[in-house]
Amino acid sequence: MSWSLGEIAALSTKAARGAGYSWGIAEEAGWAVKWACRQGLPGPEALSSLLSDTNGQSALSLGVALSDGAGFEALATDASVSAPLLVLPFLSRIASGRYCVQVQIDRQIIHVGAYGTDLITTLPAKAELALRWVEMPLAPRKPAQRVSRVSDRAMATLEGFAARTYAPVTEESRRSGAGAGLRDND
Amino acid sequence: MDGGQHTLRRRAPSEVMRLARMGSFHPTRLSFMRVLLRRLEREGWRVTRPVWRIDPQGVGHAVYTAKGPERTYSLVAFAHDLPDHLRSDRVIAEAWDATFALFDGVPDEDDIERLARNVPKQEAGRMSGSELTLSRANRSVRLFAHVRDALAAGRQPDLDEIDRVGYLMRTTAVYGSAKFGLADREAVCARPELSEPFQAEMLTVWLIRAFSVNLVEHLAQADNPDAARLDDGVRQRLGVGNSTGLGMAPFLLTHPVLIHHWMVAREEALVRVRGISPNPGAVAHFRRALTHATQNAAVWRSDHSIQIARLEDLRTDLTKIAIWVEGEDSFDWDALWNWGCAHLTLEGQEVLLALMLEPHGDLVDDLTASMSADEEAATRIDGRQTVAQLRALLAEHYAWALSADWSDSAARARLWYVSAEKLEPRLAERADEDLDDYEQPLGPAFAVAAAAKDLESWALDQSVGAFLARHPEHRHAVRRVQVIASHDYGEVQDNTLAAEMMPIDLLRAKLSFFGATRFDPRSDRWVRISMFQGAPFPDQLGSERMDAWMYGG
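First to last, the protein sequences are chains A and B. With the numbering used here, the residue at position 115 of the first sequence is 115, and numbering never jumps. Just add 1000 to the spot in the second sequence (first one is 1) and you have the numbering used here.
Next up, chain B with everything else stripped away, as it sits in the complex (with noise of 0.2 Å):
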């Protein structure tokens, strides 16, 4: 950095942990799929299809193995015969399209056999030590049949279709860290190719991905032995689609410590790049990333009067960043963002954001290893803390919090709970239903408020430990409020019990560390996305071209 300027400083929490920019967030170079794609190709690895056998009628089942420099991973997917009427993405789905489960190794006759039975049930089957992840998807029923139709005809599939859907297939849940038997986080996480966040979950995606491109060639094939195959150009304008929706949003309010960790790599990756001006390189990989996102957000379609007003504000505002650096020769990358920041919407604020990270993976990919988190060190509550120095937390971090107005019932207009229905989150209008036994803990500002009020009676130089004694019910919030204290990007500054509030929100910022692109959602809680649209494929690891495809190269 230069000497003479100022010291440039991270955006503080209270701008960026506020719902409405974090849905506006985009991926970055720092997401997990740019992650995943950049180690396989540095440490050389290779992916084969040691097994195919998948009848005329789709049905069977699959197995890709990724083979790296010390150790091996397998997808193993089952395709399935599913009558369309069947057809669900929500959780409470029972059959799929394809089911798949990622182990850890090279699997035997017997594991396939283990998995045959448990993999195609979902939540319903067990997994062992030796499965990372399990999900499954569902056909695009119209995009897979034209595809299919045109491939047998000999033909190449109507660009306009494929461009309007995106993928052939989406995933409806990839299930990682422990759940219903798989491997624990922390039996894998020395292993340096899964040390960062979500590794395991974008290499199933990846592989899900080929698996699609396969299955319906294979199909287009057994209609016609002469049918064609995709061409490079249009497989690679596939994504794997995501189908979403509440399941993932509790994420970003039960994982504190993991977010503050993912939001300073980002902001410290702003800064850093803030604090230099630009080389004619750099410049010109940063004019191709802008006409890469200005073509991508021409193509990215929504019906949700919600997201067509953000892509609004997102051409406007990349129209508006062209003209700036058109006119400039060389600039300072600050004075660019400054004028962003008074200039533009949250959209244009966030893509610009991406696209300055885009030329400088030099200085800012190194990030993506401080992201990952023991979130168990922080547990632990200080019971000998004084409420003195628990109220000064509460008025640092939390003043924005306190100072709602708690007695408004449209505060707590909502109420989030487990549906008995295979354990699908649900969120309710807390006046509708008499849900309230069943209220999670994901209300984290009126729960710290409500801690604060009962502690405004007790004398200073009491400890914690004795208000917890007397107020057990607070203690949750009391953990809150100390992990961020120590964590302080970890917490979503707004009310999320609050009438107004849009889980898509809370979605498109975690999908956005993902990687993921087209967000497009149905409803304020259920959302569709692609993953790995652009992307190379397994057979294109050793062109060298493995991170240009997100925002160009």
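With the rest of the complex left out, here is chain A (with noise of 0.2 Å):
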């Protein structure tokens, strides 16, 4: 069993929503775990444990805040990031042909450019970053087209959330919220 990129970025999307994000958040959230699974990482996994655990800067905060201007002093100094996989997408934007951007986590190093990461495997669920520019071409990897796995429990997670953006049924919503009639046959 494989999932598409679209349906992935669908239910992170309702996801974040679903756990109190706005809209414009979430949207940002269903793109960012479209990119880490484009990069072959665990994007719904980081999702999921982010917003099962809410303790610490958020990745998604943070990665909007930079994507959207702020320097690296958006990074709080005295708490980890919760699911920094989720940081990287952001930080690919604003990286740019010539210059990528350095990511301490913990002891790791790993880089960011415009066209994608140097990641190959994952990075914890929680951790201190430090981030730095410098100017390093990063060679883009090819985009994976699917999902190949995703763990039971963060898809349970994810759907769970999303779950929070469906309006429980009604009889009254069955019959007025849609289509002609429950019977429409000819």
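The hints are simulated quantities; they were obtained by calculation from the structure and are not laboratory data. Be careful, since some hints might not be right.
[Claimed, not checked] Below, computed lysine to aspartate or glutamate pairings styled on EDC-like, alpha-carbon distance capped at 20 Å:
id, chain 1, residue 1, chain 2, residue 2
1, B, Lys-1422, A, Glu-171
2, B, Lys-1121, A, Glu-7
3, A, Lys-142, B, Asp-1374
4, B, Lys-1179, A, Glu-159
5, B, Lys-1422, A, Glu-7
6, B, Lys-1179, A, Glu-7
7, A, Lys-142, B, Glu-1376
8, B, Lys-1320, B, Asp-1334
9, B, Lys-1422, A, Glu-159
10, B, Lys-1422, B, Glu-1123
11, B, Lys-1422, A, Glu-172
12, A, Lys-142, B, Glu-1186
Every value quoted in this text rests on a predicted model; they were computed, and no experiment measured them.
Starting from two chains that each stand alone, build the complex the way the hints lay out.
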């Protein structure tokens, strides 16, 4: 079984919204997870972890701030970042052809350029980050076109949050909310 | 263009992107069904039916294979025995007369076995990257039985019955683009045959049409081995119906970049044609198209009061156009167009647009290549933009939204939401149901107005990034404004939450780009249409008549 990038992105957007982020931020979550999946990285697992544990600085909030033009000072100095994997897509947005962002996560060093990252495994669910610019070309990786693995737990978590965006069923809404009637047949 | 003429301009978004006009759109030669058939003909595609394993009860499966110069696509069709009382066109249905998937290539037995386990379940099944579309169709109970019985009796069916319904089967959803595990568009859009919008979906529906005819003939034969087959002239009158409602409506609101490209292509085509004078051949072609449209308008039926009124407008205006053209030996398109703007209803103007494009494929067909877009590229917010710049964009593109009276409850009478029941999109009256927590972001006018209000107190030299850091709730709206700034035909310039808003206006606009005809609303949010009605069939590829069906030729 595999998933399309589109359905993972849509689920991620709904999950972030269900967890309480505004629609605008939720859309960024969907895009960020899709970016991670294209890089072959476990985006859904990272989002699941972020939404489940709200301690620490949210990678989403940090990523959005960086993408919107805040400098690296947006990184809180006294808090770990929750789901640091999801900061990487936003770093890719602010990188350019020549400059990439060097990211120190605990003791690991990876890079994020305009076309992707050299990270090939995953990152811890929470970590202290340090960011700096380096002048270094980073070759793009061939993007994955499917998501071949998502942990059952992450899937269940995301679907659980997404379900919060669906209105409960009522007879009234079933009757009048859509369609021409319950039986539309000729 | 003649150097002496003034420069023609496209109609502005403020004129075109209005629900009343969009709800009057007619299909044109730029419609995606036309794009498909022109390509299949031009590139020498051929369709075969390598598998037909359907039993005398109409249960089983079939495979239709469309082979192009480089690639092959296969419609895998599953026919079921559906009891009448279970037949429903709603998203919440769980069983259908037939279910389908469009397979990328030629499926082997393992593929078919996997599809047999999943396709009949539709949304509850899983698709793989080898499938491009997933769909289902129900029979028109009355017409299907009538045609079957007639053929079994050795005769052709009654043409009035055929025209009254117009299809043997109607699809109730055609999913593509990554849903339920289907292939992402980005995985296949570099292929020329899939680069234009909705080509996989259109191919799917065209092959379903062939299947529906094969199925009724097969069942007639099961009743009587000497049964007749449908004459070419009769089967051509059959399209594939489609029954759709709110599931499709959000599309025009959630894809502003794409809609912008579609609208620009259409408006650019109009401008190009307005810039020339038709030669006698083009005038003759126009007259044939006008006749065809007039005949179509005569048989186009609806029981809905809105559509009945529109059809009256259409018929009246087609007559007026005929009179205008009759009196002229030669004319400029622009003269006709300007007269039309002054004397025709919205229906008349939009059908006139379609008719004017018909003779000029050489001039406008290349525009379909510009109708696709990289939607993701446009989504990044420019946080460095200043408040001053953002407010200027608001003034330029959203004055219509900012000036509305949002304190009036009628302005936000509606609420779009998704039901937990099979994730069916629905529209509620805000005052009647307590659904605010579940509201979907489908009211851009209000969202933008709300953002503008909070923006008022911000200094002009502040950054949008700083504004959004304080107001994350406005992020969706601000992104939209920035997108629309470079895609100004992408916004519907009407309030989609208003009490009097009709979702069918959104549906008709999108369906006109598909090439759908016989728009027949059943309520303000549910519609029946016909697809490929009058079009050739796959066995007619190579006849060089693959583009003459929508408005004659």
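Here's how the hints hold up against the structure:
Pair hint Lys-1422/B plus Glu-171/A holds up; C-alpha atoms about 14 Å apart against a cutoff of 20 Å. For the hint linking Lys-1121/B to Glu-7/A, the alpha-carbon distance of about 18 Å falls within 20 Å, and the restraint holds. As the CA atoms of Lys-142/A and Asp-1374/B are separated by approximately 18 Å, the hinted pair is consistent with the 20 Å bound. Our distance criterion of 20 Å between C-alpha atoms is met by Lys-1179/B and Glu-159/A, whose separation comes to about 15 Å.
Simply put, Lys-1422/B and Glu-7/A have alpha-carbon atoms about 16 Å apart, close enough for the 20 Å limit, and the pair holds. Restraint check: the Cα-Cα separation between Lys-1179/B and Glu-7/A comes to about 6 Å, which is no more than 20 Å; the hinted pair holds. Among the hinted pairs, Lys-142/A with Glu-1376/B is consistent with the structure: their alpha-carbon atoms are about 18 Å apart, no more than 20 Å. A distance of roughly 16 Å separates the Cα atoms of Lys-1320/B and Asp-1334/B; the hinted pair therefore holds under the 20 Å criterion.
About 14 Å separates the Cα atoms of Lys-1422/B and Glu-159/A, which keeps this hinted pair within 20 Å; it holds. Distance check on the hinted pair: Lys-1422/B and Glu-1123/B sit about 8 Å apart at the alpha-carbon level, within 20 Å; holds. A distance of roughly 16 Å separates the Cα atoms of Lys-1422/B and Glu-172/A; the hinted pair therefore holds under the 20 Å criterion. This hinted pair checks out: Lys-142/A and Glu-1186/B have alpha carbons roughly 13 Å apart, not beyond 20 Å.
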